[in-house]
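Same order as they appear, the protein sequences are chains E and U.
My numbering puts the first residue of the first sequence at 1, with every later residue one more than the last.
My numbering puts the first residue of the second sequence at 1, with every later residue one more than the last.
The hints are simulated quantities; they were obtained by calculation from the structure and are not laboratory data.
Do not rely on the hints blindly, as some may be mistaken.
No copy is singled out in the list; a pair is fine if it fits within one copy or between any two copies.
As the list claims (entries may be wrong) - Distance condition first, Cα-Cα at most 25 angstroms in a straight line; then the derived SDA-like pairs of lysine to any residue:
hint, residue 1, residue 2
1, 29, 326
2, 268, 184
3, 23, 169
4, 59, 254
5, 160, 328
6, 29, 86
7, 240, 250
8, 298, 308
9, 250, 47
10, 298, 77
Protein chains: 2
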Amino acid sequence: MRIALLGYGTVGTSFHRLINAKKNLLKEKYGVVPQLIAICDRSGCMINEEGIPYETAYKTKTKFGRLSEEDNGMHPLDVIRELSLDLMVETTTANFKTGEPALSHIFESMKRGIHVITTNKAPLALHMPALLEEASLNGVEFLYSGTVGGGTPFISFGEKVLRGNSLKEIKGILNGTTNYILTRIIDSGLEMNEALSEAQKLGIAEADPTLDLNGFDSAAKLVILMNHLLGKRVTISDIKISGINENLPKCESGQTVKLIASSSPEPKVSMEVIKRGSPMDVGSTYNVIEFNVEELDKIYVTGRGAGGQETAASIIRDVVELKEKLMQKSYQIY
Amino acid sequence: MRIALLGYGTVGTSFHRLINAKKNLLKEKYGVVPQLIAICDRSGCMINEEGIPYETAYKTKTKFGRLSEEDNGMHPLDVIRELSLDLMVETTTANFKTGEPALSHIFESMKRGIHVITTNKAPLALHMPALLEEASLNGVEFLYSGTVGGGTPFISFGEKVLRGNSLKEIKGILNGTTNYILTRIIDSGLEMNEALSEAQKLGIAEADPTLDLNGFDSAAKLVILMNHLLGKRVTISDIKISGINENLPKCESGQTVKLIASSSPEPKVSMEVIKRGSPMDVGSTYNVIEFNVEELDKIYVTGRGAGGQETAASIIRDVVELKEKLMQKSYQIY
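Isolated chain E, as found in the complex:
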């Protein structure tokens, strides 16, 4: 499997390290032999048709601050156009205004029949219906399990585990940072700005926490879940979004407040009062999704949001998944 990796930050480097470490497991257990032949970041690209060792790429990047000692003239779109690739892995930084550069990387790959795994949720939040259509038109697989709970495989759970049942509704706490802040405000009486700066000190909130606080991160994940699991062709502009702020809704004893994303009756993200001790009452940085399934009772999956390491592990899962989808496809054709 010939792979190009676009983006070489925390997620990209962790993926590179992990896919080297898991080489034997992947081959023996899943029949996957990954070969990373190109890595690009905004500084340029490193290419090696024999496969790029982790040490080489990581050392070059650490030493020169870029992937090639000098600019070799190759850029991500050239890599997609000129190399013979089976898979493009997109791990660049999310840009919720334009979705770029990931959006172009993904469209360009799909047009050339290259399968795509992305951990960048911006292109999905903005254009998921179009991306799904493009993938289907070109007969390529499009996997993105790292975009929602890379550390907790929510998408995979909904897709694989609930098969044969009808999923009616999704509801959840999809952002660990705001959950941490709300928990600290309500349970420990902190002010909003105290809780935020504490979260920043602990590495839970980013230096610019805007997309977490204003509910956009949660809304992007809701878009992905609704498209993927409920078959609703929505984008982020269809979601009614409000984030967290100091005017918490009133809650009585035995209740608490969470930032909840829900698919129905209308898709929205907002602070809601819930019952303490219910399965949705998870604190700290935990995320949780309630799956409302016709034939079953409600089912909850709880786990931490993703750091780079967890998101990288989600790419490995997607690679295995891709391999199996391709095997099933060849069976159907021949």
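Position chain U against the provided structure of chain E, taking the given hints into account.
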């Protein structure tokens, strides 16, 4: 797919109703055309090579208290031996002393190359390693997702969702009845016998709750999870089992007591003190499993234990799963 259903109590009848109701979905979405040609309970068997309509079986059973008006001389083992079957679905009552009659039904089916789905956990608790070996020897599929959290697909989650990752340890609350009783004792100050009779009135505890209270039900589920997900070839005699009783371990404020089954350091079921507000702190009749995965943080799946309806839905999921396993197998062979 030619199916024999053994056991026609709550689970068996719910499965029969459900597979009729889902006929179109199963065919169109999964390419499964199930044909239920034999149903047996302890009174005898009903056989129809064209497929048995739900109304016919249910009415006969309601009217005559048995599946055939008169004894037609057919018994479950005859059905397995004499009909041409693809799948045997085992839903008889659990017997933790001998595992019978399910144990013979399952071995006999496997020997004849018939795939098996069981919701009866007794044969697994007592002889899971031998059953797995017999299935493998005869090249048949053996599915049992309804035995652990039929209402909450724990097994499927562990197997399908965590692939590509290394599962190290399993820990959980695996019995809804005892969880309800402990919750009522600790949170509402009830005595053990008060909580139990309340649970019986609500239909949460059975008339004979022994196997729940003494921890055997939890231990059986732990055996199944350890064999299936951790590859440990254990039976119920390898588990150190204690159930719930009035001598609760001491817990301070901010703590509570749960009946926890855990795979390591030594496999056991016992009451343990846990932190309130942690993801394992689920009340009422909820079950929860903590999956400790090498590459990820801990992941929790929470849901209700199973009633007949949920367990029946788990058989449908297993039927879909069986179909896919068979498709993959034919791909590998040809």
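Going back to the hint list, which numbers does this structure go against?
Hints 4, 9 and 10 contradicted; others consistent.
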